[in-house]
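**Student:** Protein chains in written order, with this note's numbering: chain A, 9 to 734; chain B, 9 to 84; chain C, 136 to 362.
Derived from the structure by calculation, the hints contain no laboratory data.
Hints are supplied without guarantee of correctness; some may be wrong.
[What the hints assert, rightly or not] Listing some non-contacts, in silico: residues in chain A with all C-beta distances to chain C over 12 Å: (1) M31; (2) D378; (3) E555.
[What the hints assert, rightly or not] Part of the chain A face toward chain C, derived, beta carbon under 8 Å: (4) G155; (5) I161; (6) D423; (7) G428.
[Unchecked claim] Computed cross-link-like contacts, DSSO-like style, restricted to lysine-lysine with a CA-CA straight-line distance of at most 27 Å: (8) C:K211 to A:K712; (9) C:K211 to A:K700; (10) A:K605 to A:K391; (11) A:K286 to A:K62; (12) C:K172 to A:K213; (13) C:K211 to A:K336; (14) A:K516 to A:K613; (15) A:K415 to A:K727.
Note that the Cβ used here is the ideal one computed from N, Cα and C, for glycine as well.
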Amino acid sequence: MNTELILQHGLTLDEYEVINNYMQRELTMEELGIFSAMWNEHCCYKTSKKWLKKLPTSNDIVIQGPGENAGIIDIQDDDAIAFKIESHNHPSYIEPFNGSATGVGGILRDIFTMGARPIATLNSIRFGDLSNFKTKYLVNGVVKGIGHYGNCIGIPNIGGECEFDHSYDYNNLVNAMAIGHVKKDSIFYSEPKTIGGLIVYIGSKTGKDGIHGASMASDVFSEDDEDSKRPSVQVGDPFMEKLLMEGCLELMDAKLIESMQDMGAAGITSSSVEMASKGNLGVEINLDRIPLREPLTPYEILLSESQERMLAVILEENNEKVKNILKKWEIDYEVIGVVTDTKKVIFKSQDKIVVDLPVDIIVDSAPEYDRPFNLPLKHKVQKYDFNQLNIETCLNNLLTNINYSHKAWVYDQYDSTVMGDTIFEPGSSSGIVKVHKTNKAIGATTDCNPLYIRINPEQGMAHTVVESYRNLVSSNIKPMAITNNLNFASPLDQNIMGELVLSIHGLKETAKYFDTPIVSGNVSLYNQTNDEPIKPTPVIGCVGFNENYRSVIPTHFQNDGDQIFMIGKPLDLAESPYFLQDQLGLSNINEFNDLAKCDFALEKKHQDFLFQMFEKNMIKSCNDISRGGPIHSLITMMTSKLGFHIQHSDELSLFSEYLAGYIMIIDQNNSESIVKEAQAECIDLMHLGSVKTDTIEINEFQPKFNIVYEVYKNNFSDKIKNYHDN
Amino acid sequence: MRVKILVRLKKQILEPQGKNIEESLNNLGFDKCSNIRQGKLIELDLPDGLEDRNTYIKTICDKLLVNNIIEEYEVL
Amino acid sequence: MSLSSAVITFPGSNCDRDAQTYLEALTGQDTHKVWHKDVSLPKVDLLIIPGGFSFGDYLRSGAMASKSPIINDVLKHADRGGYIIGICNGFQILTEIGLLDGALNRNINLKFLAKNCFIKKNHDNHFNKKILPDHCLSIPVAHNEGSYYNSEEGLKSLEDNQQISFLYCDEKGNTTDQSNLNGSLNHIAGITNKKKNVLGLMPHPERAFQDFHTSQDGQLILESLLG
Chain A
9 MNTELILQHG
19 LTLDEYEVIN
29 NYMQRELTME
39 ELGIFSAMWN
49 EHCCYKTSKK
59 WLKKLPTSND
69 IVIQGPGENA
79 GIIDIQDDDA
89 IAFKIESHNH
99 PSYIEPFNGS
109 ATGVGGILRD
119 IFTMGARPIA
129 TLNSIRFGDL
139 SNFKTKYLVN
149 GVVKGIGHYG
159 NCIGIPNIGG
169 ECEFDHSYDY
179 NNLVNAMAIG
189 HVKKDSIFYS
199 EPKTIGGLIV
209 YIGSKTGKDG
219 IHGASMASDV
229 FSEDDEDSKR
239 PSVQVGDPFM
249 EKLLMEGCLE
259 LMDAKLIESM
269 QDMGAAGITS
279 SSVEMASKGN
289 LGVEINLDRI
299 PLREPLTPYE
309 ILLSESQERM
319 LAVILEENNE
329 KVKNILKKWE
339 IDYEVIGVVT
349 DTKKVIFKSQ
359 DKIVVDLPVD
369 IIVDSAPEYD
379 RPFNLPLKHK
389 VQKYDFNQLN
399 IETCLNNLLT
409 NINYSHKAWV
419 YDQYDSTVMG
429 DTIFEPGSSS
439 GIVKVHKTNK
449 AIGATTDCNP
459 LYIRINPEQG
469 MAHTVVESYR
479 NLVSSNIKPM
489 AITNNLNFAS
499 PLDQNIMGEL
509 VLSIHGLKET
519 AKYFDTPIVS
529 GNVSLYNQTN
539 DEPIKPTPVI
549 GCVGFNENYR
559 SVIPTHFQND
569 GDQIFMIGKP
579 LDLAESPYFL
589 QDQLGLSNIN
599 EFNDLAKCDF
609 ALEKKHQDFL
619 FQMFEKNMIK
629 SCNDISRGGP
639 IHSLITMMTS
649 KLGFHIQHSD
659 ELSLFSEYLA
669 GYIMIIDQNN
679 SESIVKEAQA
689 ECIDLMHLGS
699 VKTDTIEINE
709 FQPKFNIVYE
719 VYKNNFSDKI
729 KNYHDN
Chain B
9 MRVKILVRLK
19 KQILEPQGKN
29 IEESLNNLGF
39 DKCSNIRQGK
49 LIELDLPDGL
59 EDRNTYIKTI
69 CDKLLVNNII
79 EEYEVL
Chain C
136 MSLSSAVITF
146 PGSNCDRDAQ
156 TYLEALTGQD
166 THKVWHKDVS
176 LPKVDLLIIP
186 GGFSFGDYLR
196 SGAMASKSPI
206 INDVLKHADR
216 GGYIIGICNG
226 FQILTEIGLL
236 DGALNRNINL
246 KFLAKNCFIK
256 KNHDNHFNKK
266 ILPDHCLSIP
276 VAHNEGSYYN
286 SEEGLKSLED
296 NQQISFLYCD
306 EKGNTTDQSN
316 LNGSLNHIAG
326 ITNKKKNVLG
336 LMPHPERAFQ
346 DFHTSQDGQL
356 ILESLLG
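Model the full assembly from the supplied sequences, consistent with the hints where possible.
**Tutor:** Pasting the structure below:
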């Protein structure tokens, strides 16, 4: 053991000293490898743990909060929903197809390992400047990879986001979210209970994939690193995972499993250690029993991240039945060890003990840091000159900016209707699926506003969370709980650490106020290259519920003549960051004013009003207002035939951001009623105009509907098409 | 012994992959390639002393490895 | 009139449950679930070979599924006049078995395509007889290899024997390049065998029949069979 070896394994000398003092002996190479995997950021959350502990994680509807493979919430009767979001950022930069595909694979295993059948996925993906060839290559690879895995395994992709910003030039982000359905009495956990229980390996043979993948996630890249890191990327096999999923669900249905854990980051190491820790027991595993694709050393077996593998504990009496079910699905199965009462993790190879570690030192003594951080500097009050802008230039800026463009190029590559239960596909306010054989509907969305969070992390996070609520509410889905993926640059930079701490704080305050606990999540740090950090990108995955699928509300215009109403408080243009960025071209954070404070009370008031109006069947379709203002919301609601005709005294404010803003489409016959309802609730309701065939008309401005619609639909696909791949 | 079977779409079948590869190469500045076709290579081991080796290979190609409606093959 | 039915599941089939839901909702009877290694089919009127990625689409879509033990009985079922609908991967499997002519190739844009499309009836058969000639059915497709191919002679035979069941079209019923989203020969979206008891089609009718689906046009295919 020498300094170089320790540092190569991603441990600091201080961390090694803690281990050394505890163990009172030198570690074996295999043991060093275990600490290298378990004590890095991705597995032990050493930087973020202190702050994540403050998040609200429970209430009446939470069955399982953070700490298991996925969070689980109660959706009445005997139904529950499991969900989680996870990142696969660094692998997606190195090998975009496999990196993103295996991200989908990993998150799906987290769902079905708990006994839940996956019913939907969403993806939040972010890239750099699209005019770079490299970005196009990444976009193509990532979208193809996500599609390949999800389509093959047969789970609908119902939503997500796709954003472009130069801060992701060298660090694209891929966050994959999955949702599953499980009966409350059929949930499986990772905690083994029986001493003497058999530890079994289920799934693909082990190879050299991803060795040191978990450590790779915690390294900062330098530009030349790609080729040397390429061999360690995992390759996924979605067909194998489909068989694995069906096999495991069948085993769980037959109650043949005591506990199960998927082998994800840090492979068999993390899954066996976590199992032992949860059960407060020990594990003893014979590495010679592990099915191998090629010859591997014990060290390599321990750190391999080959995909599509599960670890389970079964009672000995069930061994034959388990074997037979897995044989039907042609899945590899081996008994590899046994649950003990030693509270130790023991791995053997060739009759020698190569790892003999107490569980405590790996898990309970894992480092937890209180890294120093800076609060953001106060923003000076700024004034801007908007005289160059008029409605035509603003609309043009919107239509030519790919961040506002229709993304069918992306989601037409994702099967969104497989499993036959999809109600709203990508392109609507939220993705919605019916829960099979019930009348319930589950809605989900992913959101983040990195620009807001860079300006003011705490308020920016609050705005992001309430926007995710608005996306669900506008579909008549009640937001229930949150999963979050915190994507940040290096926490060793005190400014960035400050963004992490404060955005977690903003999430905490918002989630507490609205009683939407955080039940699962993931942290991805060190997203930066050559000292170019990404913008702070804490992605919120919000899940909600409606007990009657028939009452969910569409996003798009329905009929000519329907009336367009709006609620919400417009922000001053000088306080609308996306307006300033996308219309005035501001980019340096110091050029922006501070964020307007998020108005929780107004958001709640408008949520309640909308739910009441939905209950009374007053609203035909609805969309929230966010980046791009009411105009962008209206453009998103257009169909190939239906546009809009509106009047507004302040044209530029139609492009600004709003607080608690929504567009509501009301049948003509209900116009008077909605006005009365709003008055009764003291809601500021504004009548904008009406839905109109083949028309876009804003005051005197009348661009050609067909042209605007075509540009909206094709701007992105035109710009991405210049990259060819097969 | 190692057997290598090259499976390709028949010449008359439209093959967009080849065209795309050509365009990609052009975009990268390599404009001297033309008439690109993409196929797949299936490699397998057969015992050295296998009798009627060629018949065996033909049979597995006809029965599974090759779709005779749209594909042709060549043993390399 | 009712129909007894069965759905075959291969390793990697992922639309088998959807097909089952579709059959049970519209026939009012329970559907038999068949595993690809079963040697015999139950005696049923209609068999659906569902969509998905049987055997991962490895080697070729449907190639390995076409060698499964159950296929012998599938051939016998077709031989004695039993109905078969092959949807998407099911269509690919039927061409690999040889029950349907031609082959399905990679989509012309080389990308997986998942969206709603329109199809219209072409030649009459049991599977489309309730569909009016000018009715354009809106049904989702979701596939990577959906581009139908046949030789000139093969195409002539299909025409002569009136085996072309459905064509891709736009919402007005025009067959255009744009509406032929995967580049299929002559806009062909679905065909039958000569006896017209076996149908293969790329679009998914089992995703277009429930009240919450964007279209209920998928019902018309089963309703045609139900008489």
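**Student:** Are the hints correct? Go through all of them and say.
**Tutor:** The hints, checked one at a time:
1. M31: holds (45 Å)
2. D378: holds (47 Å)
3. E555: Holds: least Cβ distance 14 Å, greater than 12 Å.
4. G155: With a minimum Cβ separation of about 5 Å from chain C (threshold 8 Å), the hint on G155 of chain A holds.
5. I161: Holds - the Cβ of I161 of chain A comes within 8 Å of chain C, reaching about 7 Å at its closest.
6. D423: With Cβ-Cβ at 4 Å, under 8 Å, it holds.
7. G428: holds (4 Å)
8. C:K211 to A:K712: With a Cα-Cα distance of about 60 Å, the restraint between K211 of chain C and K712 of chain A is violated, given a limit of 27 Å.
9. C:K211 to A:K700: Roughly 57 Å between the alpha carbons, so the hint for K211 of chain C and K700 of chain A is violated.
10. A:K605 to A:K391: With Cα atoms ~18 Å apart, K605 of chain A and K391 of chain A stay inside 27 Å; holds.
11. A:K286 to A:K62: holds (21 Å)
12. C:K172 to A:K213: holds (24 Å)
13. C:K211 to A:K336: Cα-Cα ~25 Å, so holds.
14. A:K516 to A:K613: Between K516 of chain A and K613 of chain A the Cα gap is close to 20 Å, so the pair holds against 27 Å.
15. A:K415 to A:K727: holds (12 Å)
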